[in-house]
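Trainee: Listed below, chain by chain, are the residues.
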Amino acid sequence: EAQVTQNPRYLITVTGKKLTVTCSQNMNHEYMSWYRQDPGLGLRQIYYSMNVEVTDKGDVPEGYKVSRKEKRNFPLILESPSPNQTSLYFCASSLDASFRGAKNIQYFGAGTRLSVL
Amino acid sequence: QQQVKQSPQSLIVQKGGISIINCAYENTAFDYFPWYQQFPGKGPALLIAIRPDVSEKKEGRFTISFNKSAKQFSLHIMDSQPGDSATYFCAASIVDSSYKLIFGSGTRLLVRP
Numbered sequence: 055e056a057q058v059t060q061n062p063r064y065l066i067t068v069t070g071k072k073l074t075v076t077c078s079q080n081m082n083h084e085y086m087s088w089y090r091q092d093p094g095l096g097l098r099q100i101y102y103s104m105n106v107e108v109t110d111k112g113d114v115p116e117g118y119k120v121s122r123k124e125k126r127n128f129p130l131i132l133e134s135p136s137p138n139q140t141s142l143y144f145c146a147s148s149l150d151a152s153f154r155g156a157k158n159i160q161y162f163g164a165g166t167r168l169s170v171l
Numbered sequence: 127q128q129q130v131k132q133s134p135q136s137l138i139v140q141k142g143g144i145s146i147i148n149c150a151y152e153n154t155a156f157d158y159f160p161w162y163q164q165f166p167g168k169g170p171a172l173l174i175a176i177r178p179d180v181s182e183k184k185e186g187r188f189t190i191s192f193n194k195s196a197k198q199f200s201l202h203i204m205d206s207q208p209g210d211s212a213t214y215f216c217a218a219s220i221v222d223s224s225y226k227l228i229f230g231s232g233t234r235l236l237v238r239p
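Protein sequences appear in the order of chains A and B. The numbering used here applies: residue 55 is where the first sequence begins, and numbers increase by one. The numbering used here applies: residue 127 is where the second sequence begins, and numbers increase by one.
I should point out that these hints are in silico values taken from the structure, not numbers from a laboratory. Ideal Cβ positions, reconstructed from N, Cα and C, are used throughout, including at glycine. Hints are not guaranteed to be accurate.
As the list claims (entries may be wrong) - Here are the in silico distance ranges between beta carbons for each label pair:
| hint | chain 1 | residue 1 | chain 2 | residue 2 | range |
| --- | --- | --- | --- | --- | --- |
| 1 | A | Asn82 | B | Lys183 | 22 to 30 angstroms |
| 2 | B | Gln128 | A | Arg167 | 20 to 28 angstroms |
| 3 | A | Ser134 | B | Lys184 | 46 to 54 angstroms |
| 4 | B | Asp179 | A | Val68 | 26 to 34 angstroms |
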């Protein structure tokens, strides 16, 4: 079964305590991406990766880091979380970045709800 | 402008009615317009998509209407059902060095029995 798996699903932390949200896909997809979802703002891209060792900033990258050492994994790192990073986070993957074609659907994980106190 | 404006923010429709969600964009270089459906506690899932060379695309009860000159596109849900209650996002993409989807702000649809 095609899956994008995020962990943890829920996380409560305190300001400044480093955390990592993991993301793994089992579809051998080249393209992976992180989004945050906030009420009234839709989904905004944080970082994306075109392939292993190739990452780039999205629209809201400040305060986040990513790495792509293996094709299947794309962790999101918050080195020093702040309350304004309280949000719902989604990892997504697709065959490539064109998003076109019946087989090039972007699949999303179930989300990670993060609260930074 | 890399924005997609979506309206309304929320929508309540009676069972059997038509739900209509609208999106507008500025960047004429956008060349792919998908709609995503998101149920509570789940990630968004692709519902239907359209290219700008087509004015309408229908899949079951879901139809995208596309108006290239007005730079607008809309999702119509015919015979709306309570199971359609979800948040809907329009999006747009452009294949340049950006390689990303730009999402609208979302519409929360409630279909009453």
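Trainee: Run every hint past the structure and note whether it holds.
Mentor: We went through each hint and held it up to the structure:
no. : hint                                      : result
1   : A:Asn82 <-> B:Lys183: 22 to 30 angstroms  : holds, 29 angstroms
2   : B:Gln128 <-> A:Arg167: 20 to 28 angstroms : holds, 27 angstroms
3   : A:Ser134 <-> B:Lys184: 46 to 54 angstroms : holds, 49 angstroms
4   : B:Asp179 <-> A:Val68: 26 to 34 angstroms  : violated, 52 angstroms
Hint check: a violation occurs at hint 4 only; the rest are consistent with the structure.
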